[in-house]
Amino acid sequence: MEKIIYTDIAVIGAGPTGIVAAYNLARLGYKVSLFEKEESLGGNILKTYKLFPNFQSSNELLQLFGEMIVVNNLSLQTGVTVTNIRKDNNHWISTTNKGETIVSKAVLMATGFKPFDAHYKEEYGYGIYNGVITSLEFEKMLKCGEIYGSNGITPEKIAILNCVGSRDAKVGNNYCSRVCCINAVKFGIEIKEILPKAEVYCFYMDLRMTGQFYEELYRKSQQEYGVNYIRGKISEASQTADNRIQLKAEDTLLRLPIKMTVDLLILMIGIEASESTKELSAQTGIMGEYGFAKSHSLLKADNHTIHPGLFIAGTCKRPFTYPETVADARAAVVEIQHYLENKT
Amino acid sequence: MKNFGFKISASRQLDMDTIQSDLYEKLIQLEPTAKRCLMCGACAATCTAAEINGFNFRYCHLLMKRGILDNLAKELSKCMLCGKCYMVCPREINTRSIILKMKALMTETTPKHYSL
Amino acid sequence: MERKFWKNYQKDIPDNNYYYERSCIRQSFFPGSETTFLRIVGDVLGKQIEDDQNLHTCTGIGYHADVVPFETTQTIIARLFSLMSEKGYRNFVPSCVTSFGLLNEVVETWKHFPEELQQTRDFLKQATGREFEIPEYITHPCDIIYKFRKELKEKMRFQIVNQKTGEPLRVVEHIGCHYSKVFPQAVIGSAEFPQVLAGMVEEWGGQVIDYPERRHCCGFGFRHYLIMANRGYSIANSRKKFESMEPYHPDFIVTNCPGCTMFLDRWQYTIKEMEGKTYDKQGNGIPVLTYEEMTGLLLGFNPWDLGLQLHQISAEPLLDKIGIPYDKEQKYLGKSGKIIDFKGF
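Residue numbers (our numbering), protein chains in the order written: chain U, 1 to 344; chain X, 1 to 116; chain G, 1 to 345.
Here chain U stands alone, though its shape is the one from the complex:
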């Protein structure tokens, strides 16, 4: 039997953006239905260990999210995918894969990002060599408290490579993913804290320390932790006879090609529009470049879309850091409130 839910706002995606927006809308007295396709809430935060720049534990945040969603007026459904959204007169109709129909006055898309698939950068041999892992796999190692290299033993030398899947026409992504540079700095420090004797080399094209305390953290990683930074993009990774990883790059400041053997290569994978973001944007005609959802006006109405009542927030629009995505969620709350009170 078909189930119909009537609500003020349907929020799609219970990552940081969706949770913060839903929580604040509910506190304003609106009826909010929050949908998450995964079984647990938290989105991509679930895959991380600690967050830059102050090393806050992701678990603490997840705990906070858990507390936020018990607010009045907010109903959360996990394991439910919103497959279709469309406008019907003054209402929005969303349908889910569980056969539910949600009738709402407004919809907030907070469908987030997906990590870049490192297989596409074939030259790094991801999926072929054990010693080549992604930043998310490294987060998993940090969560378990154990770092191991290609031979399963404690690594002596680790390379971190920035811009994997970002700023790269070869994979169709010309944009910067914004979070990887500072995350690489964070990794450098985390490695040195667990393995003080390990040598850490961070390869970069530009280091973009755009947030508060990022530059300071970068400096600290050099001064206090001795993390090495080499300006140059790794061009090739291959496996040596003793199962380590051989890298080729140019030290562009030295102007010489270099070769280096490491026990672990961490690929800082970029941010791409998630499948839900792409699908729902395509359905509603709001898909912008690279599959991200496009706002009505970057400078004037960045949470609006071309459709009144359909709002977007967070990394479904473009790469954001955690503080940025949460700020964007709060901004969306104000815009939605204005819309529902006919103030726009």
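It is worth saying that the hints were derived from the structure and are not from the lab.
Among the hints, erroneous ones may be present.
With a straight-line Cα cutoff of 35 Å, these simulated DSBU-like cross-link-like pairs (lysine-lysine) come out [to be verified]:
#1 U:K233 / G:K11
#2 X:K101 / U:K220
#3 U:K233 / X:K103
#4 G:K47 / G:K321
#5 U:K50 / U:K220
#6 U:K157 / G:K277
#7 X:K84 / U:K233
#8 U:K192 / U:K157
#9 U:K248 / X:K101
#10 G:K181 / U:K170
#11 U:K259 / X:K78
#12 G:K277 / U:K248
#13 X:K26 / U:K220
#14 X:K2 / G:K272
Mind docking chains X and G on chain U? Use the hints.
Using the frame of chain U, we list chains X and G on its own:
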């Protein structure tokens, strides 16, 4: 051994696994501010000697870091120790101290006439 | 934006009716390989393949050495296509990897610059009175062997296995740059890890070695070996590969490119003479085979019919490992059945 009229070209690739890093290790112990260099090049841009004799503090620092010591002593001798670089460094690196320490370290490995 | 991900790429390879273009340099470097390919495709697989006597250069070496202008190259390639059209074929099969790359380059140019195609048609018409059709497929012979690797396996007498130990032989596969890097979409598998030779080796019992410099160029480089002063660049690249593969103790190297086969073979001798170094335990050098020679050997062809006597690194230790019989006495027998007299050379 036969001569075919040509030689096998030497590789320009720097093998980071085998570089001589002991001098640089000593340097950053003696002058830890070296560790936070950004390689921005402000030092080389403002350098009085650079325009005349091609001295480049940034590059000399990097050469020692990468263990390329062949011409380093000679390059270091081009510095006039005026200290202008210290005034422009955004990371407050004690450049003059680094020059003096690098020179001292190089005397252990190079002929006397390049020493202080 | 288009996403470039070649790994899962499997190209269309026509299954019959091939128009074969022999290679200029392969006929002198490895004269047995092309005949072997014709035997494999025609006799073993029973396919229709044309070995046209009237073919000529594609200008590849001259073009890459900057002595043949591109207009000339296009016109000469157009004549090759016209000969193919005349015989009623649509599938052009150039033996040489440089031809393969260059033919693809010319056809791609015509797609983007139709005026170049028109000019080429005009030039060919004026010079020879001929017209031509662009082939439906430009397929490298190694693609064809790869396509039929399973069928060929059934007819093979030997495997890439050490007959004494039963262990798979360790094989270095090397892909020509002009096969995999000029147009990565024209490659089986990816540009970084092409499957064409690896697929044959693994199908036929061998073990492919993934050594660090696997993807590095052999150093052939046209101008680099043509001019003596530049040969140091060429040989340095080959040496880089040998040094990288040495710890894996390869039993042989197989390549799909005339230049790679030639230089991985001959430079081993040169390095031995210049520096006294060989890259195998026995001091013999690592045998280098073309993929046709490898296929022919496994099918049980006479090694001397394949032209193995023309390799710098002797292949006999490899034949012994696989257990392929050969007659030492026949090694330097000419077509006439008489011993080739080297004194005259």
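Structure-based check of all given hints:
no. : hint            : verdict
1   : U:K233 / G:K11  : holds (31 Å)
2   : X:K101 / U:K220 : holds (23 Å)
3   : U:K233 / X:K103 : holds (32 Å)
4   : G:K47 / G:K321  : holds (32 Å)
5   : U:K50 / U:K220  : holds (17 Å)
6   : U:K157 / G:K277 : holds (32 Å)
7   : X:K84 / U:K233  : holds (32 Å)
8   : U:K192 / U:K157 : holds (11 Å)
9   : U:K248 / X:K101 : holds (32 Å)
10  : G:K181 / U:K170 : holds (14 Å)
11  : U:K259 / X:K78  : holds (30 Å)
12  : G:K277 / U:K248 : holds (26 Å)
13  : X:K26 / U:K220  : holds (20 Å)
14  : X:K2 / G:K272   : holds (9 Å)
Checked against the numbered hints above, the structure breaks none of them.
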